[in-house]
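There are 2 protein chains.
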Amino acid sequence: MPKYVFDFTEGNKDLRDLLGGKGANLAEMTNLGLPVPPGFTITTEACRSYLADGVIPAEEIATHLAKLEAAMGKRLGDPEDPLLVSVRSGAKFSMPGMMETVLNIGLNDASVRGLAGQSGNERFAWDSYRRLIQMFGKTVLDIDGEKFDEALEELKAGREDLALDAADFRRLVGTYKEIVRTEKGREFPDDPREQMELAVRAVFDSWNAPRAVLYRRQERIPADLGTAVNVVAMVFGNLGMDSGTGVAFTRDPASGQRGIYGDYLQNAQGEDVVAGIRNTIPLQRLEEIDATSYRQLLDIMARLEGHYRDLCDIEFTIERGKLWMLQTRVGKRTAAAAFRIAVQLVDEGLIDLDEAVIRCTGDQLAQLMFPRFADGADNTLLTKGMNASPGAAVGQAVFSSARAVELAAQGVEVILVRRETNPDDLSGMIAAKGVLTSRGGKTSHAAVVARGMGKTCVCGAEDIVVDAKALRFTAGDTVVEEGEVISIDGTSGAVYLGAVPVVASPVVEYFEGAPPADELVSAVHRIMTHADGGRRLAVRANADTAEDAARARRFGAQGIGLCRTEHMFLGDRRQLVEDLILAETPAERQSALDALEPLQKADFIGLFEAMSGLPVTIRLIDPPLHEFLPDLVDLSVKVATGAGTDKDDRLLTAVKRLHEQNPMLGLRGVRLGLVIPGLFAMQVRAIAQAARQSVKARAEIMIPLVGAVQELESVREEALKILAEVGVHALIGTMIEVPRAALTAGQIAEAAQFFSFGTNDLTQMTWGFSRDDVEASFFGKYLDLGIFGVSPFESLDRDGVGRLMRIAVEEGRAARPDLKLGICGEHGGDPESVRFCHEIGLDYVSCSPFRVPVARLEAGRAALSRAGSDTR
Amino acid sequence: MPKYVFDFTEGNKDLRDLLGGKGANLAEMTNLGLPVPPGFTITTEACRSYLADGVIPAEEIATHLAKLEAAMGKRLGDPEDPLLVSVRSGAKFSMPGMMETVLNIGLNDASVRGLAGQSGNERFAWDSYRRLIQMFGKTVLDIDGEKFDEALEELKAGREDLALDAADFRRLVGTYKEIVRTEKGREFPDDPREQMELAVRAVFDSWNAPRAVLYRRQERIPADLGTAVNVVAMVFGNLGMDSGTGVAFTRDPASGQRGIYGDYLQNAQGEDVVAGIRNTIPLQRLEEIDATSYRQLLDIMARLEGHYRDLCDIEFTIERGKLWMLQTRVGKRTAAAAFRIAVQLVDEGLIDLDEAVIRCTGDQLAQLMFPRFADGADNTLLTKGMNASPGAAVGQAVFSSARAVELAAQGVEVILVRRETNPDDLSGMIAAKGVLTSRGGKTSHAAVVARGMGKTCVCGAEDIVVDAKALRFTAGDTVVEEGEVISIDGTSGAVYLGAVPVVASPVVEYFEGAPPADELVSAVHRIMTHADGGRRLAVRANADTAEDAARARRFGAQGIGLCRTEHMFLGDRRQLVEDLILAETPAERQSALDALEPLQKADFIGLFEAMSGLPVTIRLIDPPLHEFLPDLVDLSVKVATGAGTDKDDRLLTAVKRLHEQNPMLGLRGVRLGLVIPGLFAMQVRAIAQAARQSVKARAEIMIPLVGAVQELESVREEALKILAEVGVHALIGTMIEVPRAALTAGQIAEAAQFFSFGTNDLTQMTWGFSRDDVEASFFGKYLDLGIFGVSPFESLDRDGVGRLMRIAVEEGRAARPDLKLGICGEHGGDPESVRFCHEIGLDYVSCSPFRVPVARLEAGRAALSRAGSDTR
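From first to last, the protein sequence lines stand for chains S and G.
Quick note on our numbering: the first sequence kicks off at 4 and runs consecutively.
Quick note on our numbering: the second sequence kicks off at 4 and runs consecutively.
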């Protein structure tokens, strides 16, 4: 039988798998000689075994409990001088929905008197006893916590908790026991060993509580890890004003500023801080109350930071002037703090720059790049909802999509305010600067679709009442009518009345070329410089215009990974494209193509100049042609109602001819190039001539939607002929965006000099769903059900899409060792996906210009990560 | 250096890879001691080497030529007694577009006189010489053959060829040389060795002729096989009336009847038979002309059949009473002949029943199952077009799709007649019994779409003139007006005036339960019985009604592999489905579901009874809900023009809400089941209750469109609960029809008891094209370009879709060894695909009832094939 129970003296921080995060860190602190109450950890392995057969390692626990009793000189349940313990869960990853803590185990009607006697504080003893029954009832016996809260409130009758006396609490114990009896038909167990065993079982069982299961599914945490249980001798912060409890950070986790940061509450236990029953005081004021403990705490925090080489987050208790450490862990922090602290620790010699880069995530960098509301603006805070999609948006409130579209068309900036959104609101969401809803969580339609669009969104702002018919919403006493300006902060969830000034991100200004303005930007600068030095992946941008290309280059792009030529067919060129589509003879078609060619050429010259000396990948036209024509339904109605012109009749014929059931799976990409004579040839000629004119052009011609090598061969042959005629050189490659392309990559590589993974389409086809349709119709439900933890359009689905990519990389390279490999789907700018691209050995990622810095950082982190570093 | 040239005495029939089919069989006959003119074969390996470096093995050829000269006692180009040779290509697979034959090599202005002297026939000598120049000019020098034909016609001036004399042919030689000079600016080469070398090079080069390349691409013949060249001493069938040439089969290749079958032409060379310059005579009459040669020929044919153990197809020449064998091969035959001959050979002890089964293909069986036009009907044959899609169809000629739809709605059977079809004709093609076009080949829109639909089609009937405006077509003198009845035979391409009586296939009558009616049906019976005994794959049917199920069972189905429950939602139940979709409250929705449940239950009872004791796989509803509502465009127009009712308004709102850009990739299948509460539960309950009522029901519940195991788990959990409530057992499994399902099959198998490959959708998603859209828009072009040789919807794409299937089979079985594996896409009835399913180890295939016998046969063939048998 394995060893199922570890004394704190036996563990260390590297045993998180076995002891959980809490247990491992308690052991670490114990071994550092810090004042940790004695205790032991029952391992995750014991949990797994229990979940299989329902047996807990009772003997081993008894042995360790006996040791604990010996160390403390007290016995559990001793009516004279009882030992009390806490039972706390602690998995490898902290997990909402699991049972957390039961304090004061060991109390019963007899031992409560011993505790009173020993502590000389009868009130404290009965308070502790009622806390045990309350927590035990709620978490172990699964009784609705409200019942206990109500009984307490009734007893207090409006008084402060400090105003209650021993008799009050004794009465409360009686009430609580009655609640247990009524709710569960059993007595509160007065055997301390039974209390402990039930608590341990409850912790283990809570591993499979529905919320915990869902959370694991969403976060892709393996279901079979199990949780550990920590049994710790109780120390008391509620023994009087010389006692207390606190939480602290070794630096400011919000700003990253140096210096400790925390809260302290006198004469209280840990859960009182969370419950907010009284106001806490800043940690610094502990110096006035108990200078010795304060200095000791500072020493310990400095030691912990040095030892963990990172920001630490601690919990402590002072019992009658004696400091006890109850927990430590590496602290969570804001994005700004992450960068500042990482660089501070480098300067303090605690970590090197590699490590600093690894500790700053691309998501954090992205947060720093959003514009934000100016500090110090005095706008009324209307409410706070969920921060569903980050950014800062200002606009007139509107209450219907139609109105949003109408005003946006006039150039008015609007915020779409709805109780909740549905697929009909898509056009309104596109038209609006931001979206505010009063209903629905982070997986609601509004949230899912807004994130997909990169649109600022606050959802589930439950305090507001939206009255779409009356064109207004109310927030408390404030009424906001249509047309009134509001400001929503998708990063914090705040909603303000009026226009809050928006300030550009100083980090973006730095990327645009400004010198580092403050400590934060300097930190970003140092991190980015080191990441760039370390990364293996190149970073390119997706850009269709010279302006975007120039911006991307300033942001550090090393070329263009995707230029969508169809974007050049819009605007005032639409007429030419229409001519092309409506052409009835080869001559008419050719004349439309001839007219487009010089325009395309000029576009390409602009791109080549902006990216002079760097590669520019140009994708030949991809979408189906009817996308350039009016909508079938609109046009049918127009013609049927007699509102159409002669031209509309002709257009309708063409639209009907080109209409497809599933245009995404229709005549587009390379298929279009093979079916419409001269189309691809025109584009290739325009590229070739532009390249001849731009001295340092490095053109790469990309064929979209290839599923079979024969398609590519056909197009390639024609393209090579044109390149030879014009006398320029260009790489010819293909998108890998159809599953079959990945599955036959070995064949396709024979005819392709590069692959670029089009992971948007590849995701759609691998899963068999169209993003336009499904984000609105069932993604929210799927996120709720935990079918995926994050939309596969946001972060690459490793098991499905990723597997196809691996196949294509391996077999493509086997067929052509110098095959260039990149990605140009939106995943190219997603941190987790960039790491995956590094892992599978791509040469570059390409993303929107704004995401280029994020990709650079993540590429650096991926390259600098050592095995075992947890960089998630 | 490898041996590049083989004398006929050195080869044998098993060396087809190296010597090509023709060379290997010539060698085989030589070694059998049959009278084959001496000669040698230059190998395919020599061809490959030549194609790489342009060098032919001149020395080795010279050595073999010298041996040939010695054997014949004549020298090439000898002015006194010249040896003549033929140069003929011969690849492993015969291949249109490659150079075929040059006869009479060795003639020039000098040796023609020697030939005249030796043969004592000056006319013959000059005729042979002009033939050389003609064939050489056409095939080696690539001069338009028409030029030579025209010169010959001019010379004949209406006379028979036998009326031309030596002087005529001498003049023709002069003309032909002039043609060479004019067309190519060079002299016809008079050095016989140069003639031979140029001919050999021309054969090798023709391996890469565009038509040959295209053919290989379409037929998936490897591009690097190369062709062999046979150099054979000439023998002459044109030396007088005691000479001649013929082709023969050892049995009738049309009916399969015993006894030789062939044609003979006196005083002629082989190409004269093909050119049809005079009428041939039946081979039997050779007995009267040359009884010795005839008897010798019969002996040889019997020997060949015994040796090859199959129908043989031969070419021979008689030179002044001496029989020479020029070629043999296993002969092509009709479907009926294939079955009859195979069984005859068994009865004759030449082959065993395993071999007989292997020699009868599923395609051949399918041909025998089509209804056909009665023999002996005396309808006017209007024309013959291409046999684009088999079957026999009779109906009134109509000239527009609108009219076809209109008449079909009135129950009139129509044939749609068009110059060519386009996507607008889809509805008309669906409405018609058959399609006839005057333009376009087997890859035209009409042909591709009709084959996809299994609709009878004759295309490219170029002799008819379609005048759609005047509502008529003409065929020669006959005018066919709209409404007149025509009959089209998609198997032969024939088009008749009037209604030709259609007779059911006796083979189908046998499968329906009739006893074998004739030798053919008896043969089919024996083949099928043995195939059933040998096969490992089970065969199930796709059926949605009790009637279909019963029929499928008669045809040999061993269960239902796919019942599409959505088909049960049509007809008069549409109203209930509409109620379900329009439901605004959970109560309304539940009441619609409650109304559907007993109907579904009754359907399932019917199926379970029809398949009593056999497994019945029921797929829960798959298509998106808007498929049950009116079309968006139609409804929009109706409402906009004021023609709509109040209900139409409500419907339009629902249709708009449910509208999807790409419904195939939208809210359907398991997604629908997870999003619409109660829908799947209703279906599962109906299945469970039906199964409880049918004692021998074996229900299998199949979840469509699963892409992630979590989806399946969610549905499975609910289904298991319902099954337990009702108290019946059923397997729960999933379709594998989304690429991701195959890629994560190991995970999905944890929650699935069976997989059924839905290869229709899997093909669509793996290639990224929607069948509805692409068959019409670019499949014809793709077939023309050789991007695929056969539509991947007809025959499984092994490299792409097939690879996903292999992954799913391997990883699914690894995760769950007793996983049941089947296929229910239309490929389940395609012969080549059935073989693939056998190879990858599926347990069953499921196909439409009519294809069940085909699948049974192919499953048998696959199991009985021994390594190396060529069963394609």
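In case anyone wonders, no lab produced these hints; they're calculated from the structure.
A couple of the hints might just be wrong.
For chains that are exact copies, the list does not tell them apart, and a pair is met inside one copy or across any two.
[Claimed, not checked] Only pairs whose alpha carbons sit at most 25 Å apart, straight line, appear in this in silico DMTMM-like list of lysine to aspartate or glutamate:
1) K325 to E813
2) K659 to D634
3) K699 to E63
4) K659 to E190
5) K472 to D649
6) K141 to E103
_Taking the earlier hints as the rules, which of them does this structure contradict?_
Of the numbered hints given earlier, those the structure breaks are 1, 3 and 4, listed in rising order.
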